[in-house]
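Protein chains in written order, with the numbering used here: chain X, 1 to 305; chain E, 1 to 502; chain L, 1 to 309; chain F, 1 to 351.
Keep in mind that the hints were calculated from the coordinates and are not lab data.
Quantities reported herein were computed from a predicted structural model and do not represent experimental measurements.
For every residue, glycine included, the Cβ atom is placed at its ideal position computed from N, Cα and C.
A few of these clues could be false.
Quick list of simulated restraints, FRET-style, between CB atoms [to be verified]:
| # | chain 1 | residue 1 | chain 2 | residue 2 | range |
| --- | --- | --- | --- | --- | --- |
| 1 | L | F5 | E | S145 | 18 to 28 Å |
| 2 | F | W55 | X | K270 | 35 to 45 Å |
| 3 | F | V307 | X | K32 | 12 to 22 Å |
| 4 | F | W187 | E | D384 | 48 to 58 Å |
Computed cross-link-like contacts, DSBU-like style, restricted to lysine-lysine with a CA-CA straight-line distance of at most 30 Å [stated by the list, open to error]:
| # | chain 1 | residue 1 | chain 2 | residue 2 |
| --- | --- | --- | --- | --- |
| 5 | X | K32 | X | K273 |
| 6 | F | K15 | E | K388 |
| 7 | X | K291 | X | K273 |
| 8 | E | K388 | F | K337 |
| 9 | X | K210 | X | K149 |
| 10 | X | K29 | X | K5 |
Reference listing, derived: stretches of chain F covered by chain X, where coverage requires no fewer than 3 residues with Cβ under 8 Å from a Cβ of chain X [stated by the list, open to error]:
| # | region |
| --- | --- |
| 11 | 34 to 47 |
| 12 | 240 to 252 |
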Amino acid sequence: AADSKLVVAMLPKSKGNAYFISCKAGADKAAKELGVQLLFDGPTDSNAAKQNEIVENWITLGVDVIAVAAENKEGISTALRKAQKQGINVITYDADALPDARAFFVNQATPEGIGQSLMDEAARLTGGEGEFAMIVGSLTAANQREWQKHVEARLKEKYPKMKLVVVRPCDDLKDKAQSEATAMLSANSNLKLIMAICSPGVPGTAEAVKQAGKAGKVKVMGLGLPNENRRYVKEGVTDSVILWNTGDLGYLTVYAGAALAKGELKKGAKTVKAGSLGTFQIAGDNILLGKPFIFNKGNIDQFDF
Amino acid sequence: MSAAPLLALRRIAKSFAGVRALRGVDFELHAGEVHALLGENGAGKSTLIKVITGAHQPDTGEITVAGQPVSELTPASAQALGIACIYQQPALFPDLTVAENIALRLESLGALGRVRWSARRTRAAELLARVGATISPDAEVRSLSMPEQQLVEIACALGAGARIVIMDEPTASLTQKEQHLLFSVVRDLRKNGVGVIYISHRLEEIFALADRVTVLRDGESVGTHPVADMSEGALIRYMVGREVAQIYPPAESAPGEVALALRAVGCASSGVRDISLEVRAGEIFGLAGLVGAGRTELARVLFGLTPADTGEVLLRGQPVALRSPQDAIAHGIAYVPEDRRRHGVVLDLPIAHNMTMAIHRRLFPTTWLRFGAERSLALDYIRDLAVKCSSPDAPGGSLSGGNQQKVSLARWLATKPRVLILDEPTQGVDVGAKSEIHKIIRGLAKDGLAVLLISSDLPEVLGMSDRLGVMRGGTLTAIFPAGTDAHTVMAAALGQAEKGAA
Amino acid sequence: MSRYFRELSVVGALAALLLGLAIFAPAFFSPQPLLSLVTREAPTLVVACGMALVIISRQIDISVGSQFSVCSVCAGLLAARGWPLALVLPASITMGALLGAINGALVAGLRLPSIVVTLATMVTLRQGLNLVRQGEFVNMPDAIQWFGLPQATGQLVLVALSVALLIALALAMRHLAAGRFVYAVGTDAEASRLAGIRPQLVTFLVFVFIGALTGLAAMMNIVQSPQVQPLSGAGLELKVIAAVVVGGVAISGGRGNLWGAFAGLLLLACVSPALTHLHIEAYWEKAIQGAIILLAVVADGLRSRKAGN
Amino acid sequence: MSHVTPAPGNSRPWKARLLSHEMLLLYVLLAEWLFFYFAGTTTNRRGVVVGFGTWDRQFDILRHSCEIGLLALALTPVIITAGIDLSVGSLLGLSAILFGQLWHDAGLPIPLAIAFTLVLGALAGGLNALLITTLRLPPLIVTLGTYSLFRGLAEAITRGSVTYTDFPESFLFFGQERWLGLPTQAWIFFAVAAAVWLLMHRTTFGRSFRAIGLAPEGARYAGLPVGRRVALVYVLAGLIAALAAIIYTARLGQAKADAGTGYELFAITAVVLGGTSIFGGTGSVHGTLLGVAAIAVLKNGLACLPVVMRMNAAEEMSGLLTGALLLLALTAGVLPKMLSKLRPRRHAPAV
Ligand SMILES: Nc1ncnc2c1ncn2[C@@H]1O[C@H](COP(=O)(O)OP(=O)(O)OP(=O)(O)O)[C@@H](O)[C@H]1O
Ligand SMILES: Nc1ncnc2c1ncn2[C@@H]1O[C@H](COP(=O)(O)OP(=O)(O)OP(=O)(O)O)[C@@H](O)[C@H]1O
Ligand SMILES: [Mg+2]
Ligand SMILES: [Mg+2]
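Could you build all of it, start to finish, from the sequences and the hints given here?
Take a look at the structure:
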């Protein structure tokens, strides 16, 4: 009870996801450096209702900071507002809630930036023309829809010679991504590229392309972790994987949360310090992590997460 | 008789959760004898049989087979010892073929043994021929009638080369012809040195077939006697422990107006066709016929379970549509079904709930339950019909067969019917309860009910009925007045007589 | 003929679907996607065979999905520790058999209803796995991939293995005494006890068997990819139950056969790739699968009602 | 030897009643609650009492239990008629979507949209009822089909992605605020619970559901309208699932196609834990409520235990323990019987 450690509670969308596991690694590191207690709990599947329940639990537990990757903007915001009313510091990371429900958003990259990076990279790989397909995580995940929207917007705006022919969900399962990609390949003989925007989707697609013997002929790219894709990138099946440094995202989130709780980070601040990573810029109420990074054959071995 | 009996039981006891079904039974069976087992409902006959076949483990007691003591009898080991049983309810697999059913009993294959389908088929055909059945070995058992299934059971026992064959009320659902066939199979077995244990509530069969008889009462054996030394009266005294008059109560009033009239009623899906008859208030109209003659089907038509598609049903002169049991009840028709354990009482529900089940609308008009009213109604019927039970809250399954039948009857009397259909009301009911039920039925008729009494027990229909119809092949072939002799009725049921006067 | 009405009608529906695809999307029949489809469904087929046995014996097992996940992760962890394939494979099968034995002991030994028992073990196993692993993936060494064979050969081995298993089991169910025991127990446990069969033992063994098959299927699945995802078994139970039931195995036990289950599985498995090839939006997939299940039972219901009258 | 079996007199029913399934479950619930009250309540850094022993937490438990509780109430009559309905969770999702559409796309006022949603839920239940009663199909399979169908329709209608939000405050009041001290939806839940309890235990409907569960043919021979009663049970389940969808939407402030995924299994677990036999015929509504409460307290209590918090595994632990509790409840019903079977045989020689 008299344990006077600061308690930071961090809510991922789905805690088994490799993406969030690597987030947690960074968060753990920051928590150790700061001497705060870190709770890292979330649904095992992406489930908005469960996220709410966990936040409400944390409210009654009286934690100091709640950091949330929102599965659903509106759904979670009510609970977050309630937390703020009880004097809990609320920030969001990875996926934002409504602006009035949190103090800051640790923004790894804007959906727009991600969508543009993805589309630009796809255009670079195909030479700006031809048919391509897309694999998404689930049909109901909000951030996926957001990214897809921005990909399509960029496509319309800048690459008139490219055509998105099919979008299929893989339920965040690698096996399913693989069979979907296989079906796509045979159903669309002119396919030049498959873009997977969920992390199990990229290796699944790569496996399908590899098995179809179309490595190199059909490009594979998407959002994913270097470790999951290293094998395929090296084999030349997957061309590029786009991601920010997820460990840094977790690290920065914990630092920002702690700073907020200690009163070091206030509304209107222009920068925030995050231990060994140095200082980060703040634009409005968005703490910016930096640009997404493109991993390819040349640089992938430098990263381990 | 020979020194070592084929089967000897000493002081066998068995209890079920407090019910002492067997309290120490001694029993001996010799080779080449038909040994009848007799007793009231619930005396423990079936339980004893299940002990012999290994289906139940006795709590105490010894079993000796051909001089060898056996312990821990299981169905498999009993089979290996040459014990075969034809249960009250055939224990066959409805989804499997006849050949396969027979094979499952006879072949003791290891789990990895190979099934020889053609050999199975030939063997089945051969065994079926031996019991005189014309059943295809490839027929699925669910498509067979009850007697046909019984014949398959007997074929199994024959095929097993059993030394001890047990028959638990095998004739309860057999036709006369099949019954004679069965008797000759039994005599055949006896001739070949097989010991047969034969259970039946029909005393005439015991006199016709058995060599010795053992009587069970309340789970104890009260004596074994050669059948030749016994009279019917003596046997009944042994069973019941008192005298029972086997006299049917006489009619005490003249029938009134026509309560129920059928005009050329038929129902294609259940094989009932062109039935015309009239039943008057205060009259008992008996329906005789062989099993499968369609009497139950007719009752189901009248009760709206399989609605009629041709003809007309009139109640007190008014034509009515009987599309469902609810319709039938609303028009004052009640039906006490044949299969009391499946249809007559819900075994897991209290007696009181069972009794009020058909009168929810009347007893609970707002659908709101009135426990007090229900209880007093149940107590009334328990008293009036002399149901032996601990309380109205006891589950129906805790009662003996005869008392279950009374509960089933009470349910329908509670509807205050004008027409009462009774389907085999005394089947599997012991002599004592049977005569009580007869008295109740007669009393109901006296109160002005029109009673349609279906029974395969020929003396019963003859004795109880004011008029008597005979069915055959789904239609009514003859109607006789009271006092017609058994021979004439039987001949009509078998289709050997001309159409009687209606 | 009418005895196999259900199996034939499923085959008919499958044929109609394939015919439609042949006309409107001939690309479906190119070897690669077909091979990929059957490779992917091979493990499911193995579990479906087990499920057919369980349902024929008048039980149900909704814990197979969780068993599948547990076996996958355990096998993955062993492989990652450097165990050779020759040990990982039997270990996975044994693991499955043990999990099945728990169900079997509860259902057969204590005579508890299998639907509730396996519901409980499903939840327990799934959450236990989550608790221990927190959803983490397992990275597998290359030696386990495709059973250490070249990929094309490996695919063929997987498919051949599952088909061989199907044929062997289908024949065993018809021609071995053990198979007939399963039918007998499913038709009427009490009658089979009186016929000298030990129904509780048969039930127990059926659960052990489906567990072992699930362990094998898990292995067949994880060799296909370099990572084991603990969620891989999610929803497997409903998929195989649906396939088996669509294929005409009666939920009330004692009726149906493995060929029907096979046809049912193929029919349901073809829906998803068929949608892609016919350029129908993916959102309809679940609804169509639900409709197929309903149509299959409705056809049966109409037929038996006609036969009944 | 000196042990005397109690005479079947007055003492037995008392003992039996105190050891009935429901009472045992009540003891478990109380034990759970007390344990978490003492082990799950702490004072935090700011000196505020937090954790399980706060009113806020108790209200949260209540709030979070309403939807699954409603589904469990819907399933109790279904299971008592020896049926099952796997589709309630999917129907919750479909109803949430339909409600969102009616309000947002069709522009209906909220009360009207609610009314229509309830009607549509009842109709969807009616589809189950139709297939089960007129064609006599096994409920497990029919509802497995509609389980897939309803969820599939919800996804197809929204193309997976449309999420309805921005509901008016007056509507969110039902899911997020308190009324007369309790979470608003708790009042609705209690009202439904009372209604279902009365239906099951005080009217002829409950009586006939039981009879149908025990002996469907027997019930038909007794003149009970079996088809209509069974249909009623599924329609009611659809109606209650739609109501749960409304509450779910109000609680989260959003309607999305994945609403209620997996809820059917929780609900079935609660019902069975509450002592309703999966074979039909026996069971009670209060048992179901106790089952729901036992699971909810376990789940929320674990989340307040410091040990569990440090492991970040409240969800998993509670799932694990719920499964174990279910197995325990099942075996608890059987083990005494098995033991009593063994006992007389063991003592028989001594007598
Ligand atoms: N499995 C069981 N559980 C509890 N009680 C049982 C069981 N089987 C039989 N009994 C009881 O044991 C007693 C003897 O029943 P049993 O079936 O042996 O009688 P029976 O002589 O065959 O009667 P019937 O002529 O009606 O066939 C009855 O009181 C019965 O209720
Ligand atoms: N014409 C027919 N078509 C089809 N099935 C028939 C026909 N006649 C009788 N059956 C079947 O034969 C069986 C026995 O018929 P039913 O019960 O009507 O005879 P019953 O005279 O009442 O004999 P019981 O003494 O057994 O009551 C039933 O299962 C019935 O379905
Ligand atoms: Mg008997
Ligand atoms: Mg009859």
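Now for the hints, and whether the structure bears them out:
1. F5/L / S145/E: 18 to 28 Å: Holds: the Cβ-Cβ distance is about 24 Å, inside 18 to 28 Å.
2. W55/F / K270/X: 35 to 45 Å: holds (42 Å)
3. V307/F / K32/X: 12 to 22 Å: holds (20 Å)
4. W187/F / D384/E: 48 to 58 Å: For W187/F and D384/E the Cβ distance comes to about 49 Å; the hint holds.
5. K32/X / K273/X: holds (16 Å)
6. K15/F / K388/E: Holds, at roughly 26 Å.
7. K291/X / K273/X: Holds, because 18 Å separates the two Cα atoms, which is no more than 30 Å.
8. K388/E / K337/F: Holds. K388/E to K337/F sits at ~27 Å (cutoff 30 Å).
9. K210/X / K149/X: holds (28 Å)
10. K29/X / K5/X: Within the cut-off at roughly 16 Å; holds.
11. 34 to 47: Holds: 5 residues of the region 34 to 47 of chain F have a Cβ under 8 Å from chain X.
12. 240 to 252: holds (count 3)
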